[in-house]
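Participant: Spelled out, the chains give:
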Amino acid sequence: MSSVSFKKILVGFAFSPNLKANVYEALRMADYFEGELVFVHVGRKTVEKESLFKEIVASSPAQSKKISIYWKEGNPVTTLLQTSEELHVDLILLGALKRENVVKFYLGSIARKITRKAKCSVLLLINPSVERSPCQHIVVNGFDSPQTEITIGTAFMVAKALGSKKISLVEEISRSKVAVAVDDDRSLRQATLRKEELRKQEQTRVKDVVQKLAVGLTKDVNWTTQSIFGRRGYSIGHYAKVVRADLLIMNARENLSFIDRLITRDIEHILAELPTDVLIVNSKGYE
Amino acid sequence: MNKTKPLLQFIGDLPKNLFSGFVVSLIALPLGLGLAIASEAPPMAGIIAAVAGGMVVSILGGSHLTITGPGNGLVIVILSAIVGMGEGDLYQGYLHTLGAIMISGLLLFIFGVFRLGALSEFFPSTALQGMLAAIGVGILAKQFHVMLGFTTVKGNTIDQLILIPSSLKNLLANPSTEMILASGIGVISLIFLFLYARIRNSVFQLIPAPMWVVIVSIGVMYYYDIVMKNPEVLGANLMITLPENLLASLPSPNFSKLLSSDFIGYTLSITLVAGIESLLSIKAVDKLDPLKRRSNINKDLRALGIATGISGFFGGLNVVTVIARSSVNVNNGGKNRSANFFHAAFLVLFILLFAKQIQKIPLPALAAILVYTGYKLSAPNNLIRIYKIGKEQALIFVTTLVATLLTSLTTGILLGILSTLLMHIILNKSVVLFSRNWLKPNVLMYLEEEAGNYYVSVKNFCSFLNFFKLKSKLDEIPPSEHAIIDFSLCEFVDHTVMEGLNDYSRSFSRQGGFFEIIGLDIHEAKTEHPFAIRKSLPESSLFNFQVSLTKRQKLLQKLSSILNWNYLPDPVSNYVDLERFLYFKTRLINYRYNSLESQNKEFLLFDLSYSEGAFIAKEDLRSTFLQIKTSKNMPIFVLDKENFMTALFQLSGLKDINFKQHRNFSRRFYLSGENEKSIRSFFTEDLIVFFESHPAFYLESKGDSILIRGKERLASIQEVKQILSFAEELLKILENK
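Chains R and Z, in that order, are what the protein sequence lines are. Per the numbering used here, numbering of the first sequence is gapless, rising by one per residue and ending at 287. Per the numbering used here, numbering of the second sequence is gapless, rising by one per residue and ending at 737.
Calculated from the structure, these hints are not laboratory results. All values derive from a computational prediction rather than experimental measurement. No residue lacks a Cβ here, since even glycine has one placed at the ideal position from N, Cα and C. Each hint should be verified, as a subset may be incorrect.
Which stretches of chain R does chain Z cover? Using the computed rule of at least three CB atoms under 8 Å from a CB of chain Z, they are [as the list claims (entries may be wrong)]:
hint, segment
1, 36-50
2, 122-131
3, 174-185
Cβ pair distances, simulated, as ranges [to be verified]:
hint, chain 1, residue 1, chain 2, residue 2, range
4, Z, Ser430, R, Ser176, 53 to 63 Å
5, Z, Asn675, R, Lys212, 22 to 32 Å
6, R, Arg189, Z, Phe514, 29 to 39 Å
7, R, Arg189, Z, Asn675, 45 to 55 Å
8, R, Ser176, Z, Phe514, 28 to 38 Å
9, R, Pro146, Z, Glu449, 37 to 47 Å
Over 10 Å on every C-beta distance to chain R, these chain Z residues come out as not near it, computed from the model [to be verified]:
hint, residue
10, Phe10
11, Ile158
12, Ser295
13, Ile297
14, Asn298
15, Pro441
16, Leu489
17, Glu597
18, Leu734
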């Protein structure tokens, strides 16, 4: 299995101004992935809310065959996480909240907490829209990790499903790997040579991963690689913003030891300032 | 690579370094003595620092052309340390200060070991300027009295400034012969120092101005001694006294106050100023290096630390990298670190051979040199320059200056930093922008895999608070490559960053790379200055500089309309390929203005503001140049009038290409270049005859274009016409080849 499949998608929803956009996006996603949708609202169920919600679902141009709606009460984070585990969903879809008076989109702390704890993949939409905005360029991480192979496979699967034409595989290489501090001309030359060497190594590794994928997945997509020397987890987010990517696909955090947890903040930088829509692929159970 | 080649190169360069080391020692001697006296330390303390610096840093340091010795910036801190810790006894204070100096050496060494050289980036450049100006005012205020012959004026900087008129009044009220002589020497020396840069005579300029002052004033003293038979015309308090036996009288540093708050405070101030002055100077000297080497600042800091420790142990002042002396070194053909060593060696020689003559130097002469130094540090046009960058910069500058004068140096710079930050917050109307993003990474740099150039993107804000992050990325780009810096995701860029980026742009263009800044078009700046603060929020500008054209500019405009050329009076800082001419290898280009360009872009005539040397050895120049692009491929050569300096250069190794059959041409012109064979074949009969029969211009070819300069000043309209017709005829001859 070279990729994760998204057959069962959980969508947490709230009655915010973004509700319509979120629902439309969810239905579109389910359509692309041919999956079943589970809508979950944490809060009191009322007649008005229910009819409003059903109205919105019915008005969407994209429809899904299997839709179920759950109304639950309790702590939003734990409830959503519990439900996702009980129902064995593959993907949790969360829309960003648009903060009033602030032009920037930011993701509520709820979504951030769920992302950290979820046992399945998570898709964060920073700018859900009623109209379909095509996903043209996907940026995916390619750093050296056992999960990366499946993440890259998933990226190609998603690209095929969404009709994306371009994938950039980004290898973030920690600056410390270069092991040469630039002080003067000589050390600069050494560091440049060492970087070139590392870059080639990383590229070969990533290209090998892509070449192992099924031809059907890769043949229609224009894929490139890009090595970046910089802080892991930060650079790729900045890169996605610079190249105006429509979707950023990342590994879920690995099960790290206590110390690692303190130091590495792989996806935290991205969660702090979402550069674009982010898909966090959790490949546990697929290895 | 062939390992013996650098060694051969080193040995081959020794004569040049010996020569420039000698010239540097001529300026280092008066400065060393003067700076020590100004700090209330024995005169030898300055010489010891220069010798320790020259010997140690030249061997252990990481820079190439820097000269090390006692620094201007430290005068005020060391003075207050000596006075403060002496509690009335200056000599005791000096011994305590030696302890502080040794500890500061240790601290500098530790900074170097932990690679903390980058810490200097945390100081906003305007605040640093303000601090340096305050130091300048401090030196000026104290030494002005000494220059007039009054050595007893006490008090802090403000008091001394206020007392200047009363000193003048005292002098004019009841002048004695002694006072007239002392103040005469001082004032004439000062006037001479101001005029020195105007005298463009290569023989005269060979000896640095401070040395002229010293030599002539020693001459005056000998005149009174021998001719007038009046050896004690000036009192002992106005003369230098050196110890009889140099080795026996070594002081021993006193560490008894080691843990007192005074001692710690002074040590920290000394370390701060020594570090800042050194790092600024190293950076500035790198910009002047004709071989475009990059200094290893941390290695240099370690060496400076060790040198300071040694200097302090033997009774010397702090060793710092000094810009004026370094620039003299560059201008006199210094090629590597041995020049620093030679400068120290010559100083030892001077002290051993001329101790008697040195004691004939009157203090007012040295004070004049220091007043000039202080003036250069605090120069009022600095403030005007900064005001042009932005009103907020002027405010920061004045705040730091006043705060430093009223309190202490460390408090002053701290307030400078705070006021800069406050100003940024006010300008952006946001604290959040800074508080939320300060510690976050904000720079992305990668080598674009398809295009092969380096792309750097900066997010959020970029100011002195986080410039080090951007710098560390930029430092990893080889300057011969193409770098693109994108600020479109960045909301605010401050002056420190803009200035720093300009340095990068310069070093890239010097080494054949490209350094492009994009994404700043959406940012608004309040002034037209290229280094002005830029932020993405639009705001109406209050000031519009509109300057009417001068008479010469109107004439240039007229000339351009006759020729049907384009005329642009405004200053332009885009001069990329100019820096590839040899002429600008050791000269810094500021901007070009009054540009006249022909329709086909082959001819470009312009006035250029550029400078030679730095700080007190700095000479700002403006000359008119003509650059011609040719389709012909020419060898790279320099053709200049033969004069004393070129003859000297030949002695130190540069070759003049002479033609046996054209003795007249060879006598008049100095022709040099790497590829002698192709130059010889390029200079055909008709070309040589052409040069012989025309006025001599400075002419240089860099292969695809020619640079012509008339005199080392702006050309009059007549001269401009001469240059143009000369160039046209020259082109005709080249076309026919």
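Participant: Would you mind marking each hint as holding or not holding in the structure?
Facilitator: Verification of the hints:
Here the segment 36-50 of chain R counts 0 residues with a CB under 8 Å from a CB of chain Z, which misses the bar of 3, and the coverage is violated. Counting residues of the segment 122-131 of chain R whose beta-carbon sits less than 8 Å from any beta-carbon of chain Z gives 0, not enough to reach three: the coverage restraint is violated. Closer than 8 Å: that is the beta-carbon criterion, and the segment 174-185 of chain R has 5 residues meeting it against chain Z, so the requirement of 3 holds. Range check, serine 430/Z to serine 176/R: about 34 Å between beta-carbon atoms, so the 53 to 63 Å window is missed.
Restraint check, asparagine 675/Z to lysine 212/R: a C-beta distance of roughly 55 Å breaks the suggested window 22 to 32 Å. At about 19 Å, the beta-carbon gap between arginine 189/R and phenylalanine 514/Z misses the expected band of 29 to 39 Å. Our hint of 45 to 55 Å for arginine 189/R and asparagine 675/Z is violated, since their Cβ atoms are close to 27 Å apart. The hinted window of 28 to 38 Å between serine 176/R and phenylalanine 514/Z holds, with their beta carbons roughly 29 Å apart.
At roughly 25 Å, the beta carbons of proline 146/R and glutamate 449/Z sit outside the given window of 37 to 47 Å. Its beta-carbon lying about 16 Å from the closest one in chain R, phenylalanine 10/Z satisfies the requirement of being farther than 10 Å from that chain. Look at isoleucine 158/Z: its CB is around 43 Å from the nearest CB on chain R, clear of 10 Å, so calling it non-interface holds up. A beta-carbon of chain R is positioned within 10 Å of the beta-carbon of serine 295/Z; the least distance is around 7 Å.
Once the 10 Å rule is applied to beta carbons, isoleucine 297/Z is inconsistent with being away from chain R; the minimum gap is 8 Å. Not every CB of chain R is more than 10 Å from the CB of asparagine 298/Z (nearest about 6 Å), against its label as outside the interface. Distance to chain R contradicts proline 441/Z as a non-interface residue, since its nearest Cβ pair spans about 5 Å, not more than 10 Å. With a closest Cβ-Cβ approach of about 7 Å to chain R, leucine 489/Z is found to fall inside the 10 Å limit, against its non-interface label.
Residue placement check: glutamate 597/Z keeps its beta carbon more than 10 Å from all beta carbons of chain R (closest about 36 Å). Residue placement check: leucine 734/Z keeps its beta carbon more than 10 Å from all beta carbons of chain R (closest about 37 Å).
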